[in-house]
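Q: What follows is the residue order along each chain.
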Amino acid sequence: MKTLHLNLAASPYRDYRPLYAVVVVVSVVIAFLMLNNVDTYYRYVRETSSTRARIAQIEAQIAAEGKRAEAAAAQTRTIDVTTLGKQTRFINIQLAERAFSWSELLDRLEDVLPRDVRIMSIAPSFDESGLVHLNMMCEAKNSNSMIVTVDRFNRSAYFTNAFPANEENTGTGFRFNLGVDYRPSIPRVVSK
Amino acid sequence: MARTYPPDVIVVDTDGLLHARFNRGSKGPDLEQAKAYRYPSDTTFKSGVVTPELTDEVSFTETLRRVRSESGKWDRVSLLLPDSWFRINILELPSLSDRPHEAMHAVRWSLKRTLPIPPESLRVAYEILSRNGSAVKLLVVSAVENTLSGLERLFTAADVEVVLIEPVGLNIWNAITVREQSTTRDRILVHVRDHDFTTAVFRGPLPMFIRSRNLSGERTLQQEIRLSASYLRDALQAVSVERCYFASNRDDADVRDALAAEFGAPVVPVVLRDYVDREPSQSTGMEAELTACTGVFTG
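Those protein sequences? They're chains A and B, same order as listed.
Last residue of the first sequence: 192 (our numbering), numbering continuous.
Last residue of the second sequence: 1299 (our numbering), numbering continuous.
Since the hints were derived computationally from the structure, they do not count as laboratory data.
All of these numbers come straight from a predicted model, not from anything done at the bench.
Check before you lean on any hint, since a few could be wrong.
Listed below are the simulated SDA-like cross-link pairs for lysine to any residue, each with C-alpha atoms no more than 25 Å apart in a straight line [as the list claims (entries may be wrong)]:
no., chain 1, residue 1, chain 2, residue 2
1, B, Lys1035, B, Arg1273
2, B, Lys1035, B, Val1049
3, A, Lys2, B, Thr1183
4, B, Lys1137, B, Leu1091
5, B, Lys1073, A, Gly171
6, B, Lys1137, A, Asn7
7, A, Lys2, B, Leu1129
8, A, Lys2, B, Asn1132
9, A, Lys2, B, Glu1180
10, A, Lys2, B, Glu1053
11, B, Lys1073, B, Asp1159
12, A, Lys2, B, Thr1156
13, B, Lys1046, B, Gln1033
14, B, Lys1035, A, Asn7
15, A, Lys141, A, Pro187
16, B, Lys1046, B, Asn1132
17, B, Lys1027, B, Glu1180
18, A, Lys2, B, Ala1103
19, B, Lys1027, A, His5
20, A, Lys141, A, Thr170
21, A, Lys2, B, Val1136
Make the full structure from the sequences, and use the hints.
A: The structure is reproduced here in structure tokens:
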């Protein structure tokens, strides 16, 4: 049954022991965590001294490399890039010419040229796309041979854009210039 | 009661005080020691409106010094004062503010109607018994501030902190009610002292009527009880009394018979051994007050 307590005391009793217990427990926990933090700090300082020295060394290296990179960039800015590009392109063309397979080209021409046409001269020039433009001087026995030659070049899978320049009757035959693009099996792209 | 609750209780009266110390027993409180002390002066307290005035502080301090010197070290105490030192009112208010200050103001204003002294001179505590809409029913206990603060000051001077001040009668009821089964019927407590007596009616757990009256030479105690019973039957209309509790330091068979006859219910004498695990042999003659002391620990 419910009791009746109407306390007229100016300072009624309060049981502060649970509060004190909480304060003590929290204080102990705080002290423990603080000591743990101090211990962690000292262990960090002690155990990471070599690592921190290594980090400082690497950072110094990074700084030095950075300075070298800046110096190199500054030096690069002084180079005439246009001239260098032209030189590079020339060298690349030379390298492509040296790598060009004449034997393969001659094999292909042998298949394509009609029997009554012979090549008197051939001058290759190397395109950036890997195609090789051939400027050929040919000699034929009759006047119809140039048309047949152009037609055979256009039907070949290895040649394209065959186009005659001029035709001349030499008395013994017919001489004509022919330009055609040759597609090698291993194209050498000339980089700029 | 908290395990740490101060074990010392003092019952203050106009002619002396009673010191009791309790331990925690296996079932209930264990009365370790109890001793009554008379004041060296007969004028320690002077009768006053509501609460007697503390007129001889030296006498009270000397008594307190004796108590302290004979009972060892203690620094907190609960004080029980006679019911006649308090105004105990059951008030019904149409509304009560949720703000403590405003609520206390309303309670004091209600007390003003029936008091010949300004309610500001009282120290007041109240408890809400029931609510019906906005209306509230309150149990209000009040006593003169000067006397209470004077007592607290003297205890503080003796390095003792007063942690509780309550009426004896209410704590006799607390001691009884925590040991009782729940009921919705009426129960009556009659607490008789040498010069006054208290009658209280409880319906279920709620007090319906509490009044303390001085005993004059004009009427015997039995006549006073019959008057009170007649008043209760008129005031409370249907009174279906389950049990009467009779608390006194003297076992008066005539009074018990009068109670049984007036209320038609069994009368149960309040005996200290029913409320403590162990009692010292010198507790005879102080049983009602010591029973009230056990009620302090029911909070």
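Q: For which of the previously enumerated hints does the structure constitute a violation, in increasing order of number?
A: Numbers 2, 5, 10, 12, 13, 15, 16 - these are the hints that the structure violates, sorted from lowest upward.
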